Every structure is written in C-alpha cells, then in structure tokens.
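Protein sequences, first through last, are from chains D and F. When the letters of the first sequence are read in order and numbered with the numbering used here, they come out as residues 26 to 197. When the letters of the second sequence are read in order and numbered with the numbering used here, they come out as residues 46 to 462.
For the record, the hints were derived by calculation from the structure and aren't laboratory data. The reader is advised that the hints may include incorrect statements.
[Said to hold, decoys possible] No more than 25 Å apart at the CA atoms, straight line, and that leaves these computed lysine-lysine pairs for BS3-like:
hint	chain 1	residue 1	chain 2	residue 2
1	F	287	F	226
2	F	99	F	287
3	F	246	F	211
4	F	92	D	180
5	D	117	D	40
6	F	124	F	61
7	F	117	F	131
8	F	124	F	375
9	D	158	D	35
10	F	246	D	190
11	D	117	D	180
12	F	117	D	67
13	F	92	D	195
14	F	61	D	195
15	F	61	F	287
16	D	117	F	226
17	F	99	D	195
18	F	99	D	190
19	D	37	D	80
20	D	67	F	92
21	F	226	F	211
Everything numeric in this text was worked out from a predicted model, so none of it was measured.
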Amino acid sequence: MAEEMQNNLKGKAWKFGDDISTDHIAPGRLFHLRTNMPELAKHVLEDADPEFPNKVRKGDFVVGGRNFGLGSSREHAPTIIKISGVGAVLAKSFARIFFRNAINVGLPVLICDTDQIDPEDDLEIDLSTGLIKDITKGIELTFSPLPDVMITILKDGGLAAHISKYGDFKLE
Amino acid sequence: MGKTLAEKIIGEHAGKEVSAGDIVVAAVDVAAVQDGTGPLAVQQLEKMGLVQAKNPERTVLFIDHAAPSPHKDLSNAHKILRDFAKKTGVDLSEVGTGVCHQRLVEDYVNPGDILIGADSHTCTSGALGAFATGMGSTDVAVGIALGKTWLRVPETIRINVSGEFKDGVCAKDLILYLIGKITADGATYKALEFGGETIEKMAMSDRFTLSNMAVEAGAKTGLIASDATTRAFLESRGRADKFREIAPDEDAVYEEIIEIDASTLEPMVSAPHTVDNTSTAAGLAGTKVDQVFIGTCTNGRIEDLAIAARILEGKQRHPDTRLIVVPASKDVYLDAIAAGYIETFIKAGAAVMAPGCGPCVGVHQGILGDGEVCLSTQNRNFQGRMGNTEGLIYLSSPATAAASVIKGEITDPREVL
Numbered sequence: 026m027a028e029e030m031q032n033n034l035k036g037k038a039w040k041f042g043d044d045i046s047t048d049h050i051a052p053g054r055l056f057h058l059r060t061n062m063p064e065l066a067k068h069v070l071e072d073a074d075p076e077f078p079n080k081v082r083k084g085d086f087v088v089g090g091r092n093f094g095l096g097s098s099r100e101h102a103p104t105i106i107k108i109s110g111v112g113a114v115l116a117k118s119f120a121r122i123f124f125r126n127a128i129n130v131g132l133p134v135l136i137c138d139t140d141q142i143d144p145e146d147d148l149e150i151d152l153s154t155g156l157i158k159d160i161t162k163g164i165e166l167t168f169s170p171l172p173d174v175m176i177t178i179l180k181d182g183g184l185a186a187h188i189s190k191y192g193d194f195k196l197e
Numbered sequence: 046m047g048k049t050l051a052e053k054i055i056g057e058h059a060g061k062e063v064s065a066g067d068i069v070v071a072a073v074d075v076a077a078v079q080d081g082t083g084p085l086a087v088q089q090l091e092k093m094g095l096v097q098a099k100n101p102e103r104t105v106l107f108i109d110h111a112a113p114s115p116h117k118d119l120s121n122a123h124k125i126l127r128d129f130a131k132k133t134g135v136d137l138s139e140v141g142t143g144v145c146h147q148r149l150v151e152d153y154v155n156p157g158d159i160l161i162g163a164d165s166h167t168c169t170s171g172a173l174g175a176f177a178t179g180m181g182s183t184d185v186a187v188g189i190a191l192g193k194t195w196l197r198v199p200e201t202i203r204i205n206v207s208g209e210f211k212d213g214v215c216a217k218d219l220i221l222y223l224i225g226k227i228t229a230d231g232a233t234y235k236a237l238e239f240g241g242e243t244i245e246k247m248a249m250s251d252r253f254t255l256s257n258m259a260v261e262a263g264a265k266t267g268l269i270a271s272d273a274t275t276r277a278f279l280e281s282r283g284r285a286d287k288f289r290e291i292a293p294d295e296d297a298v299y300e301e302i303i304e305i306d307a308s309t310l311e312p313m314v315s316a317p318h319t320v321d322n323t324s325t326a327a328g329l330a331g332t333k334v335d336q337v338f339i340g341t342c343t344n345g346r347i348e349d350l351a352i353a354a355r356i357l358e359g360k361q362r363h364p365d366t367r368l369i370v371v372p373a374s375k376d377v378y379l380d381a382i383a384a385g386y387i388e389t390f391i392k393a394g395a396a397v398m399a400p401g402c403g404p405c406v407g408v409h410q411g412i413l414g415d416g417e418v419c420l421s422t423q424n425r426n427f428q429g430r431m432g433n434t435e436g437l438i439y440l441s442s443p444a445t446a447a448a449s450v451i452k453g454e455i456t457d458p459r460e461v462l
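All chains, please: the whole structure from these sequences, using the hints.
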C-alpha cells in the first residue's frame with residue numbers, strides 16, 4: 026500500500042446514503058475473513074449495494090452522505106475499499122475513526138457537498154487543488170483541505186510507510 | 046485559561062500546555078487490540094520491522110470478539126496474537142477472560158492515563174478520568190512499538206446532569222436519551238465530559254456505561270473526573286496506589302454545555318438501525334421480541350446482572366423469546382455465581398455463555414434469523430450488526446431487557462418492578 030499517491034483521479038460515482046456503517050462495508054458475519062483481505066474485499070459494501078463489489082471499476086468513487094464510516098475501528102473497512110480500486114471516498118461528513126484509518130491506509134477521504142452528485146456521474150478530482158469536477162453535470166465542487174499531518178501521512182503512502190521511512194513520527 | 050480534562054491529560058503526555066485544535070505527539074500508557082483488529086496490527090508491525098512493545102506490561106491483546114473461536118480462520122487469527130505475546134512479552138487475555146473494555150478498567154487503566162485501543166468502544170475507560178480512544182490497527186501497532194501516537198486535541202462538549210433518576214431509569218437511559226438528542230454524529234471529533242451532581246453520585250459501573258457509548262455520538266472519548274468513587278473502584282481491584290485526582294478547571298473552555306435533568310428521563314430504547322433513533326420504552330411497548338441479550342462492555346457488569354436477576358427471580362422467559370446472558374468478565378461471572386444470579390438466569394430459561402463479546406458483533410452465539418427482533422443491552426444496532434442484515438436490533442437498559450423477556454415484547458420495566 027506504499028505506492029505513491031496520484032493527484033489526479035477520474036472515475037464514476039457510486040452513490041450511498043447517510044450513516045453507511047463499518048458493518049455495511051465489512052460486516053461482522055465475515056469476521057473470519059479479516060486475515061484474508063483480498064477475499065473480504067469481494068464483499069465490500071455489499072450489504073449497502075449488492076451490485077457494488079462486482080461492478081466497481083478501478084478509479085471509481087464511493088460517494089456517501091452524512092457520517093460515513095460510523096461504528097467500529099476496523100481498519101479493514103477503508104482497506105478493502107482501497108483494494109477494490111476506489112480512488113477516493115467523498116461524503117458530507119465522516120466518522121472519526123474511519124477518517125483516520127482511511128488516511129493511514131492511503132485512501133483519500135474528501136468532505137464535500139455530495140448532494141450535488143448523482144449515481145454514475147463522471148467525476149474528475151485534483152487532490153492538489155481541492156477541486157472536484159462533475160463532468161456529467163458540468164459543475165465544480167470544492168472539498169475541505171486535510172490537516173497538514175494527514176497530508177504528510179497520505180503522501181508517504183500511509184502510516185506504516187511513514188513510520189518505515191522515518192522510524193518515528195515526523196509530523197511537526 | 047482553564048483546561049478541560051482532555052486538554053489536561055493530553056498536555057501532560059505531550060510535555061507542554063495544549064488547547065483544543067492543537068496537533069501533538071503524545072506518550073501512550075496503555076495500548077490494546079482485540080482478535081478482530083490485533084492480527085492486522087501484528088502484520089503491520091512485521092511490515093514496519095517493529096516486532097516489539099515499548100511497554101509490554103501495559104500492552105494487552107484480547108481474545109474476546111470470537112471467543113471461543115467458531116471458525117478455523119479465527120482460530121488461526123488467535124494464534125497470531127498468542128505468538129506475538131510470546132515473542133514480545135505483552136499480556137494476552139485468553140478465551141473466557143472477558144471483553145477488552147471491562148478487563149482494561151478492571152486491571153490496566155488508571156486516572157490520567159492515555160489509552161489507545163483498536164476497538165471503537167475503548168472510550169469506556171474515560172470514566173476513570175483517562176483519555177481513552179479507539180483507533181485502527183496501524184495506529185495502535187505504532188503505539189505498541191513506539192509508545193506514542195499523534196492526537197488532535199479535541200474540543201469538549203460538557204454534559205451536566207442534575208436530579209435523581211426515577212425508579213427503573215438508569216445511566217443507559219440517560220446516554221440513549223443524550224444520543225437521541227445530539228444525534229449519532231453530534232459529537233464527531235469532540236470529547237464528551239460528563240459531570241454534575243448526578244454523575245458525582247453515580248456508581249462506577251454506570252459511569253462506564255456512559256463513557257462506553259460516547260463513540261455512538263461520534264465522540265473521541267467520554268471523560269469523567271476521578272473522585273472517591275473512582276478511588277474505591279481502584280481499591281477493589283487492588284490498585285489503590287494508582288489513584289490520583291484529576292478534574293477539569295472551573296474555568297475550562299467548552300464548545301458547548303448541555304444540561305440534563307435526570308428526574309425527567311424515562312426508560313429509553315433505540316430502534317433499528319441507528320443508535321440515535323430513540324423512543325421511550327413505553328412508546329415501543331408491544332413490539333414482539335425473539336431474542337433478548339444481556340451483556341457486553343456496555344451493560345455486562347455485576348450491577349447490570351443484579352438488576353436483571355432481581356426482575357427475573359422466580360420468573361420465566363416468554364415461550365417465544367429466548368434469553369442470552371454473557372457476563373463481561375471472568376470476575377463478573379464469578380461474582381454473579383456467588384450472588385446466585387446465574388442460577389436465577391438459568392432457571393428463567395437463559396443460555397448463559399462464557400465472558401466475551403457474545404452475539405454483539407455478529408460472529409456467533411446468537412445470530413438473528415430473517416426478520417427477527419433482538420432487544421439487547423449492547424451499544425450498537427446497525428443493520429447487519431448481529432450477523433444478518435435482515436435482523437432488527439433494539440437497544441435498552443438491563444432492566445428493560447429483563448422485563449421484556451418475561452412479556453415477550455418491549456416493556457417499560459416499571460411494569461414489573
């Protein structure tokens with residue numbers, strides 16, 4: 026997961042509602058697959074949209090509503106979203122642990138007004154400028170900038186890569 | 046400028062004065078993982094070349110979510126934790142010992158500590174006056190290896206509680222009421238700090254219930270100042286020497302102060318599929334219940350079992366409603382046996398199971414059938430939580446759960462008290 030972050034992302038929107046929990050993303054009934062992440066990833070978000078794991082394509086975006094990722098601390102949730110090829114998760118707001126975990130595994134999480142995005146809209150995102158273009162609608166949205174400490178971790182390819190690189194936190 | 050509990054504790058661990066919004070690297074006193082998050086933490090440590098623990102005696106690996114193991118893959122995951130414990134000398138909490146959050150408050154966490162745990166309900170230990178927060182496997186792995194973590198100092202919402210609870214109303218009803226009021230993301234990224242005369246008089250077990258559910262409002266932790274009740278609890282666990290008084294400054298700056306009059310509260314229930322979907326138990330009376338579960342890190346303590354046993358003494362479960370009871374730890378289990386509660390539960394028709402998370406996480410020991418309703422004393426009722434997206438989970442206090450298992454439907458406990 027220590028690959029370099031791409032700044033320009035392009036893909037299709039997969040729209041989800043408010044309160045998508047970690048149980049929707051990586052359910053407890055699949056607890057035994059937590060040590061087999063590629064297999065767990067075949068079920069990512071299937072409890073919210075059964076079509077998603079089979080039809081999601083590399084570069085697509087998960088677009089949620091309020092409080093995306095609420096619930097458990099399971100880092101498997103953002104990890105399997107990333108394994109499924111998703112370029113970024115967009116939501117009106119995120120639950121705290123999911124947000125932190127996503128940065129730690131190198132999955133961009135962007136806070137923006139997702140009400141303006143419809144299912145299957147084509148999106149282009151520039152992580153460096155904070156701009157989201159909805160090509161289908163011809164509109165532009167902005168997302169809230171991440172704190173510097175998270176940008177550092179994300180740029181290093183996640184927390185494990187950051188610590189491997191410096192042997193310690195190098196955030197200040 | 047006065048400091049909140051969160052600012053005081055984080056400041057002590059960062060070696061400087063801090064205020065809400067600051068980002069710091071802070072020392073970690075206690076680090077914990079469980080069997081759902083620990084194997085990944087171990088794998089990350091191997092990947093980072095850091096198979097080590099900075100404070101092995103205060104690092105704990107808990108086998109509680111799938112304990113005893115219901116699947117060979119989970120048995121192999123447990124082996125990863127046991128091997129890591131042998132290699133590094135950290136503590137391992139084996140099958141049958143209990144839920145991590147109960148074990149952490151019983152034997153590991155002290156007032157003024159920072160605890161990071163790879164489980165969202167790590168905030169439970171906040172009731173001891175510790176800054177206790179849930180994180181993912183990699184964050185806790187780094188905390189285990191290096192003995193530190195990075196933190197954003199949270200803003201604090203102060204919850205002042207006054208007045209006496211009516212009979213049949215308890216801390217669980219208070220926290221469900223609060224989450225219903227501020228919603229499931231009403232405290233995201235923030236600390237909750239509970240205080241006021243009702244909290245000062247509240248037993249330790251009820252304080253744990255409040256702090257346990259802070260994360261269900263999105264909060265990073267749920268803090269309570271330490272006092273004579275905290276001291277007595279630590280004494281009862283053989284840790285009297287670890288007591289210290291820690292309280293917020295009187296002029297601490299809060300983002301918001303919420304006042305609650307406990308005497309106005311009713312028994313509360315959260316309906317599917319979010320914790321903030323609250324009603325009074327009376328308002329949902331008559332909802333048929335297939336399974337009642339009494340236990341978990343929220344309400345599986347001896348005081349909780351005592352209330353349930355008092356209601357179930359000499360009674361029977363409704364023939365269409367099964368009852369599952371899981372004590373939160375080995376010591377709770379032993380105390381419940383000594384007090385006769387376990388006999389009461391079994392005679393009332395309960396399946397009593399070994400200490401652990403039980404059916405709360407949807408792995409085993411009570412997975413719901415399609416369309417089935419469970420009334421549980423746990424903290425979370427998300428769709429699919431108990432192993433089936435077609436199951437319906439309601440949350441309540443132990444009193445409401447026990448009353449409901451007798452009638453076979455959601456029942457205001459005052460009907461049977």
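Going down the list of hints, with the structure as the test:
{"no.": "1", "hint": "F/287 to F/226", "verdict": "violated (36 Å)"}
{"no.": "2", "hint": "F/99 to F/287", "verdict": "holds (20 Å)"}
{"no.": "3", "hint": "F/246 to F/211", "verdict": "holds (14 Å)"}
{"no.": "4", "hint": "F/92 to D/180", "verdict": "holds (18 Å)"}
{"no.": "5", "hint": "D/117 to D/40", "verdict": "holds (12 Å)"}
{"no.": "6", "hint": "F/124 to F/61", "verdict": "violated (41 Å)"}
{"no.": "7", "hint": "F/117 to F/131", "verdict": "holds (21 Å)"}
{"no.": "8", "hint": "F/124 to F/375", "verdict": "holds (21 Å)"}
{"no.": "9", "hint": "D/158 to D/35", "verdict": "holds (9 Å)"}
{"no.": "10", "hint": "F/246 to D/190", "verdict": "violated (50 Å)"}
{"no.": "11", "hint": "D/117 to D/180", "verdict": "holds (23 Å)"}
{"no.": "12", "hint": "F/117 to D/67", "verdict": "holds (20 Å)"}
{"no.": "13", "hint": "F/92 to D/195", "verdict": "holds (19 Å)"}
{"no.": "14", "hint": "F/61 to D/195", "verdict": "holds (18 Å)"}
{"no.": "15", "hint": "F/61 to F/287", "verdict": "holds (23 Å)"}
{"no.": "16", "hint": "D/117 to F/226", "verdict": "holds (20 Å)"}
{"no.": "17", "hint": "F/99 to D/195", "verdict": "holds (18 Å)"}
{"no.": "18", "hint": "F/99 to D/190", "verdict": "holds (19 Å)"}
{"no.": "19", "hint": "D/37 to D/80", "verdict": "holds (11 Å)"}
{"no.": "20", "hint": "D/67 to F/92", "verdict": "holds (24 Å)"}
{"no.": "21", "hint": "F/226 to F/211", "verdict": "holds (20 Å)"}
Checked against the numbered hints above, the structure violates hints 1, 6, 10; every other hint is satisfied.
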